[in-house]
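Undergrad: Those protein sequence lines, which keep their order, are chains A and B.
If you count the first sequence from 1, you need to add 4 to reach the working numbering.
If you count the second sequence from 1, you need to add 4 to reach the working numbering.
It cannot be assumed that every hint is accurate.
[Said to hold, decoys possible] Derived Cβ-Cβ restraints for the label pairs, each shown as a range:
1. A/ARG19 / B/THR212: 30 to 40 Å
2. B/TRP169 / A/SER87: 43 to 53 Å
3. A/PRO89 / B/ALA154: 46 to 56 Å
[Stated by the list, open to error] Part of the chain A face toward chain B, derived, beta carbon under 10 Å:
4. LEU24
5. SER25
6. LYS27
7. ILE28
8. SER31
9. ALA33
10. SER35
11. VAL36
12. LEU39
13. GLY47
14. CYS53
15. ALA59
16. ARG62
17. ALA66
18. GLN69
19. SER70
Hints are computed from structural coordinates only; laboratory data are not their basis.
Computed from a prediction, not measured in an experiment: that's the story for all the values here.
The C-beta atom is built at its ideal place from N, Cα and C for all residues, glycine as well.
Below are the chains, spelled out letter by letter.
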Amino acid sequence: MSTSAQVDQLRARARHLRSLSGKIGASHALSVHGLAGPDTWVGPTPQSCYDALLAIRRQLQAQQQSLNGTARSFDRRADELESQPPAPRMVS
Amino acid sequence: MGLLAYDRARLDALRIAIEAARDDLHRIRSDDSAAAEAIRIVRNSCRTLGDIHLPRVQAVLNSEAMTSGPRVKLDGTGWVFATDPQPVYGPQLPGARSFDEVLSGIRCGELVPLAAPIDANGRAGSLYTSIALAPGNHRPVGQQDLTSDALKLLNFLSDGLPVGWRETQTLTISYLTNARVTKSVHVLTAYDRDSGPDTLIDETEEATMSGYLVIHQASATGEVSVSIGPGEQDDTLSYPIISESSTRYSGVFYPDYAPDFQPLTGEARFVNPDRWTFTTSSAPMVDGWGTWGL
Numbered sequence: 005m006s007t008s009a010q011v012d013q014l015r016a017r018a019r020h021l022r023s024l025s026g027k028i029g030a031s032h033a034l035s036v037h038g039l040a041g042p043d044t045w046v047g048p049t050p051q052s053c054y055d056a057l058l059a060i061r062r063q064l065q066a067q068q069q070s071l072n073g074t075a076r077s078f079d080r081r082a083d084e085l086e087s088q089p090p091a092p093r094m095v096s
Numbered sequence: 005m006g007l008l009a010y011d012r013a014r015l016d017a018l019r020i021a022i023e024a025a026r027d028d029l030h031r032i033r034s035d036d037s038a039a040a041e042a043i044r045i046v047r048n049s050c051r052t053l054g055d056i057h058l059p060r061v062q063a064v065l066n067s068e069a070m071t072s073g074p075r076v077k078l079d080g081t082g083w084v085f086a087t088d089p090q091p092v093y094g095p096q097l098p099g100a101r102s103f104d105e106v107l108s109g110i111r112c113g114e115l116v117p118l119a120a121p122i123d124a125n126g127r128a129g130s131l132y133t134s135i136a137l138a139p140g141n142h143r144p145v146g147q148q149d150l151t152s153d154a155l156k157l158l159n160f161l162s163d164g165l166p167v168g169w170r171e172t173q174t175l176t177i178s179y180l181t182n183a184r185v186t187k188s189v190h191v192l193t194a195y196d197r198d199s200g201p202d203t204l205i206d207e208t209e210e211a212t213m214s215g216y217l218v219i220h221q222a223s224a225t226g227e228v229s230v231s232i233g234p235g236e237q238d239d240t241l242s243y244p245i246i247s248e249s250s251t252r253y254s255g256v257f258y259p260d261y262a263p264d265f266q267p268l269t270g271e272a273r274f275v276n277p278d279r280w281t282f283t284t285s286s287a288p289m290v291d292g293w294g295t296w297g298l
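The shape of chain B in the complex, shown without the other chains:
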């Protein structure tokens, strides 16, 4: 346990301000689909203020040192010392979080996502953006299987059926070091899904940043199988004659620091192949692209 020092009057003012901020955010509402992301952030912030920070401030104000501990004066101001519930480790190093710590940081709003790509909302001729990430260095933080029990059962049963369906869902968190993030601007027009839409190069921006990439991947395989060999056979011994697979992903990138996007320069340079590309469209707009959001 460490020690913290506080000014009672100012800390009480902070408590009142956090309450006011929480109440202000609580009153903000909208049913407009274009405001869905903003409302989600507002709700998360509201919860973080009310469930985490307000109780912490209140706990310090109610602590023993407040009522019975020593009063220490520093520079004429009234400081009170109390036991800090957090260990004295200092700020966490970038990239040092565990899988659960990243999820916890996302839930409480401590990790700030990169601004979502702009959506064309299906309007022909409107501008929209895509975000492509090319990792310089890539360190897996952890992975969690999100496949439901029903899908696991279906996967198991598919082993013995002539027609099978297998689906898996995983949540993967990686720490990308010096990733090249490119924000490209496109016009919503008809295009080839294999080659992707044209890009307005003059309006494209890029930045180099490090941070956590959280990816939700879902892959599904449909199979039609036949038994191996003539006569009575083990049902699980079969050979797939038709197999169709599809993989889709969605994700969000949480940079360590606010990005500084710069226009593309015309200078020749090495460019890593993009690994992840996101838009806000509910369905991937190009084969290999994913959807921004979790």
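Okay, chain A solo, but in the shape it has when bound:
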């Protein structure tokens, strides 16, 4: 694969991962715990539900960070490839 194709592929993957992170961030799963607090219901089941929804939020946010971090590393790699001098060509 040529360098420019590699760069394009890395950039596309970075964009895709950022878009995925954005979709996770925009999902109701990150805010649903706000409706599960003691204003809505109180008791052992409500408490465990609230804790679990909060845990889901933490997990998804951790994955968002991880996806963004991987996207950054793809972009860095693409930058490195772009900054490399072109390979010398054989002239006959």
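Dock chain B against the given chain A, drawing on the hints supplied.
TA: Chain B in isolation, oriented as in the chain A frame:
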């Protein structure tokens, strides 16, 4: 059975929000290998919302008290009382889960894993991290033999064959108290597998935390044996003349609370020897290291 109180309108809004969250997560898809862990978490969360929490909320909304029980007003809001399907034990104490409860907590997403180490994806010169755990105190929670029947049969047959292969797989859960967790940063370059890669000390972070360590261990032994003594002998009485063993492990750590990683300080202090070290590489990068994930 305990009692729970709820506001019908708000609980109905919660039901709708859980449905929307489940549908949002259901629509998130990716075939990129770099997103595999994120997609796994998204699928688990989707299942937890749809299979556990939505039915619970729906069950409370459909309960007897909803349609025929007493209505009690508190501070002007409409509260309804219903029987809580869960016993009134309160939150579970850290480290008090049984083996099955830990597995159940993992499946339903209640136990949150430590963020996976960063992978260099095989690119020379890229940064990657390793996570090392040095337990302060270590309590076994339980162990399960995951060796398949076929491997058990092979193990049995190896007793009577001149060339044998023995393989076992176990899932072990331990509760680590005040474990020192070190997140080291490395650069992917050529290195000695015995001594391991160089570490960027300035970027290394550590934290002390307690939680469940789930380890999947696989050990294999290949043997070439000879019968003991001259003449006709019992096939199972043999002596291994060549024996090669290998052990590999993979695992995940589930801390009780979100970790607070801090940069390493230069102060001299006692450091426990690391017992477990993980990277996300599919093959262990250094002898004695394992792979993050189950």
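Undergrad: May I ask which of the numbered hints given earlier this structure violates, with the numbers listed in increasing order?
TA: none
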